[in-house]
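Trainee: Chain residues, written in single-letter form:
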Amino acid sequence: MAEIGKIMIKVPGTIKKGEVIPVKAMIVHPMETGQRKDAKTGNLIPEYYINDVKVYYGNDLVTSMNWGLAVSTNPFITFYLKADKAAPLKMSFKDNKGGAFEQTVQINPQ
Amino acid sequence: MMKKILVLLLLAAPIILSSANSTVSGKDTKEESAKGSQEYVMGVDVKEFEKEYAKVHGNELKKMEEDGNPADFVLDDGKAMFHKVDGSKGKSCASCHGENGAKLKGIAISYPKYDASVDGGKGGILTIPMQINICREKDMGAKPWAYGKNEIVAVELFVKSLSNNMPIKVKTDGPASKFYEAGKKNFYTRLGEWNWNCAQCHVKYAGRYSRQELLPPAPLLGDHWPSYRLDWANTNTIQERFKGCIKNMRPKEIPEFETEFMRDLELYVTAQANGRLQHVPGFRR
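So the sequences go chain by chain: A and B. Residue numbering for the first sequence follows this note's numbering, beginning at 579 and increasing consecutively. Residue numbering for the second sequence follows this note's numbering, beginning at 183 and increasing consecutively.
Rather than coming from a laboratory, the hints here were simulated on the basis of the structure. Heads up, a few of these hints could be off.
[What the hints assert, rightly or not] What follows is a list of derived Cβ distance ranges for each label pair: (1) B:Cys427 to A:Lys594: 20 to 26 angstroms; (2) B:Met246 to A:Asn644: 22 to 28 angstroms; (3) A:Ser670 to B:Gly374: 46 to 52 angstroms; (4) A:Ala665 to B:Ile436: 40 to 46 angstroms; (5) A:Gly591 to B:Met246: 38 to 44 angstroms; (6) A:Asn621 to B:Met246: 30 to 36 angstroms.
Values in this document were obtained by computation on a predicted structure and should not be read as measured data. Where a beta carbon is used, it is the ideal one built from N, C-alpha and C, also for glycine.
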């Protein structure tokens, strides 16, 4: 219900240097598969989903993902990161209609 | 000889069939309708239910909620809208109710409540969405928001979140008592294709299965609204959930938002959660 492209990234509160931490991210997106029909007109609702996700830790690309129509609405992902430096963690999402959304959190290992 | 047995069987069939049915619904319906609303015995107590639920489903829903409740985005939207100036008088909700709703802390646990000025001065039950629209029209000079849609759900969620972890304390005595009784009658009113009422699932047969889900007892129904539901992939209010449950009963008509039926029912259902700590937004299947 919130606007499309809103991102929430959660990292643990306290991080030890070198620790492997879970990073949880959620983005608001309808992820239309292109296979649903509009109830009133009977036409197919066109595909509208995130297809490319890139995660940067500082200047390094740590992971990239190709998502497809099988990923649910408001996708939620958990991945693990070795927190060995104090650097911004940036996640950028692109969808098939050219929409681009990104969010950054600071990782500060103690 | 065979013919005689066959004829006897055919004559006896209605008696055999009706006695098989009456243990489920037949006899009860007529007697209960005659008495008006009647209380059933609660099928399961809250603690037993929570233990059973944890055994069957683990804490899968709780973990999903901790990972991230999409309703938190709606909460942020609500907070933003609360501070946004709207209407001819140039005010926002925060202009009267304080920055971040400071003056509204602890208010939501007493809603819905009796108010003498609603329903054209007759007096009736006031819910938070109704109150939001009254504030908008009277005090802000703004257009009322449509019930069940994004804006009003977001602001209701924000207002309720200011009372999180406080025990729900809805008044059911005094002038509210006749509406509480009306709500109880609604809870026990049989609707739809199978003549079901709310109480059958949530009191009498609470704790039993409905397909793969356990039926929650009445006290667990009203303490977590507005809530995100996986079924909706969206966040909405208790009355939207009533609409969904009632739609499943397949009656001819589903009551509209903020009608007397819905408001009295909301009072009764929320009152069943009296004493429980409010926890919004909720996160359900």
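Trainee: Compare the structure with each hint and give your call.
Mentor: Structure-based check of all given hints:
no., hint, in the structure
1, B:Cys427 to A:Lys594: 20 to 26 angstroms, "violated, 48 angstroms"
2, B:Met246 to A:Asn644: 22 to 28 angstroms, "holds, 24 angstroms"
3, A:Ser670 to B:Gly374: 46 to 52 angstroms, "holds, 49 angstroms"
4, A:Ala665 to B:Ile436: 40 to 46 angstroms, "violated, 54 angstroms"
5, A:Gly591 to B:Met246: 38 to 44 angstroms, "violated, 20 angstroms"
6, A:Asn621 to B:Met246: 30 to 36 angstroms, "holds, 33 angstroms"
Hint check: violations occur at hints 1, 4, 5; the rest are consistent with the structure.
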